[in-house]
Amino acid sequence: MNRIRRSYLVLLCTALALLSIGPVKGIASAKQGPLVSVDWLSRHMKDRNLVILDVRTFPKYEKSHIPGAVKAFGPWERMNDKFVGFMMPKTSELENMLRKYGINNKSFVVCYDAGLTSSDTAKSARAVWTLQVLGHNKVAILDGGFEAWGQAEKPVTSEPTVPWPGNFKAHVDRSKVATLDEVRKVIGSRKVFLVDNRLPEYYFGHEKKSEVKRFGRLPGSILLPVSFVTTGGQEFSPAIMRPVKELQQMALGVGLPKDRSVRIITYSDHGTQAALGYFVLHNILGYKNVSVYDGSIIEAAANPKVRMERYSWSYGSYGGR
Amino acid sequence: MRYMMQSRWIRQAALFIFLVVLAVPAISAGKAPPLVSTQWLEDHLQDQNLLILDVRADSNYNFAHIPGAVGLAYKNWETPRDTGCLLIAPEADLTSRLQGLGLNNDMHVVVYAHGNTASDASKAAAVFWILQAMGHENVSMLNGGFTKWTFEGRVVDNKKPAPSAGNFMAKRDPSKIATFDDVKDAILNGDAVFVDARSSVQYFGHEKRADVGCYGHIPYAFTLPGDFMTNAGINRAPATIKDKKTLAKMVKGIGLPRNHNTKIIVYCNTAQLAGLDYLVLHNILGYKHVKVYDGSMLEYCKVKGDLPVIRFTWAHGR
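So the protein sequences, as listed, match chains A and B.
Numbering-wise (this note's numbering), the first sequence opens with residue 1 and increments by one.
Numbering-wise (this note's numbering), the second sequence opens with residue 1 and increments by one.
Because the hints were derived from the structure by calculation, they are not lab data.
Every value quoted in this text rests on a predicted model; they were computed, and no experiment measured them.
The reader is advised that the hints may include incorrect statements.
Okay, the calculated beta carbon distance ranges per label pair [to be verified]:
{"no.": "1", "chain 1": "B", "residue 1": "A237", "chain 2": "A", "residue 2": "D259", "range": "41 to 49 Å"}
{"no.": "2", "chain 1": "A", "residue 1": "P75", "chain 2": "B", "residue 2": "V155", "range": "51 to 59 Å"}
{"no.": "3", "chain 1": "B", "residue 1": "A92", "chain 2": "A", "residue 2": "L252", "range": "22 to 30 Å"}
{"no.": "4", "chain 1": "A", "residue 1": "L252", "chain 2": "B", "residue 2": "P174", "range": "38 to 46 Å"}
{"no.": "5", "chain 1": "A", "residue 1": "R307", "chain 2": "B", "residue 2": "A57", "range": "41 to 49 Å"}
Stretch by stretch, here's where chain A covers chain B in the computed footprint (C-beta under 8 Å, at least three residues) [claimed, not checked]:
{"no.": "6", "stretch": "227–236"}
{"no.": "7", "stretch": "282–294"}
We treat Cβ as the ideally placed atom computed from N, Cα and C, and that holds for glycine.
Between the sequences and the hints, there should be enough to build the whole structure, so can you do that?
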């Protein structure tokens, strides 16, 4: 009897303790994310283990940033040794960088960007993807970025944050990175879905970036422009992620299956937009087997052995009856 | 042997010249090519039977235009109505204005606008369509527009011609203009395919024009952005129309039926960009039954009732 009463008491105390620190000064939860709201961040800014990464450019950071945020421009991508394509830097280099940002293996990392357009969000997504490749899954993007923070009139500062160095150790997960060799093997495969995250005019081959050698796309890819996934720029909206329901509708609407176990490889011009494609498909919609083709079109188009196609929608199946 | 080859060569050359001679009068006889080059136009500036039509804003026309050109700005061709829609100007208005500019029924019209962007070119293309839809088939568009003309250093002036009144009578040709009822029938009965000339971003329903009431596209529409029809923006090129081979490849690539008897309804937001797709499909690639939905999305969203609008997919609706 006594024992039961005592265990009740313990339970009660624990519950009370949890309640008192929980929402206000709780330890940032690993289950939070993949998106956090301005409201959530403003309530959890002081949380132990929370690291806020500002992935905007240095001048923007120096002018004003979220209090406590670390200047984290990167480099998240580096020109590769053949000078075609921007690739994820070496693991050791990234480990050092992330430690300087104050990241430990226990840290919950929230990334934010300018938050005006989907291209901004893609910069955060690239950081999130990099961390996940390094085996760190306690990451989130601040929905709407710095623009949403500013529009909500939350406090900002120009005082740089000097973080206490972290001891982050990477456990690399290569399954989240696709190489040119792998991509070449799956072109034409009906089992693997190649997803082009650029704008329709690039996919169609009407336009291309000047640094990209050839027009068009990888044969058979599906078109899911990540500029469509946020409402950035519409009626002065920050780049807020569309509701899950709409993203789901889009994924099916562009030709992805409902089956969450299919193999998906995303790509764009440089691999930044592709990271946002990855983020939406993997972190938000729950497709389990998604990787980013890091070299992306800039690498593929420079290699004459890679076939590309142009002037059509995929298999001519878009539109019509 | 050598003599024989020569004679065969001569015979082929003669045949070629004969065909060319045959082809030239065809232009004045009512079979105008859809596009004329700036060089062709300069060579024909003095033609009595040619009406050069500038559809840029009045201020542009007054400042400088191609010598001999008359001006009727685009805003006079598609006019706002009480319903909030933009529709082809009434027959009587077009008749009186074009007669005032000296348009005769047997004249060959060459229409031009600015030529920096696909949107510029679409103004000329939309007027091209309206003239054909008003019964004047004998019309061409100046490829590359005023931009290409001036890039090439050709002469311009600011003199206003004073033509004697023409005898043109505007008469709507229902085989070239789709009304909402035509659109509704096509959706419900499936006897026509739709082609959406807006950007793919609007087709997909990620964005829309502010005054258009709904996101997405008409069911069963193919996306063929008018922007893709021109070379504008590629290495600073003016908005010339892409070559026929490329256009044919694109139209095949989007999956449009290859049968040229297919009934097609082209639309956009206000029937301006649709002009480009009309010109390409009907006059360059030879689809015989192409209509432009005059009301386009601006009207469709206002009056569609229970008819669907499809969003967030590239595949066909429902």
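To see whether the hints hold, each was checked on the structure:
1. B:A237 / A:D259: 41 to 49 Å: holds (45 Å)
2. A:P75 / B:V155: 51 to 59 Å: holds (55 Å)
3. B:A92 / A:L252: 22 to 30 Å: This hint is violated: roughly 51 Å between Cβ atoms.
4. A:L252 / B:P174: 38 to 46 Å: Because 39 Å falls inside the window, the suggested range holds.
5. A:R307 / B:A57: 41 to 49 Å: Given about 47 Å between the Cβ atoms, the range holds.
6. 227–236: holds (count 4)
7. 282–294: Violated, because only 0 residues of the stretch 282–294 of chain B bring their Cβ atoms closer than 8 Å to Cβ atoms of chain A.
Figure legend: structure checked against the earlier numbered hints; hints not met, in rising order: 3, 7.
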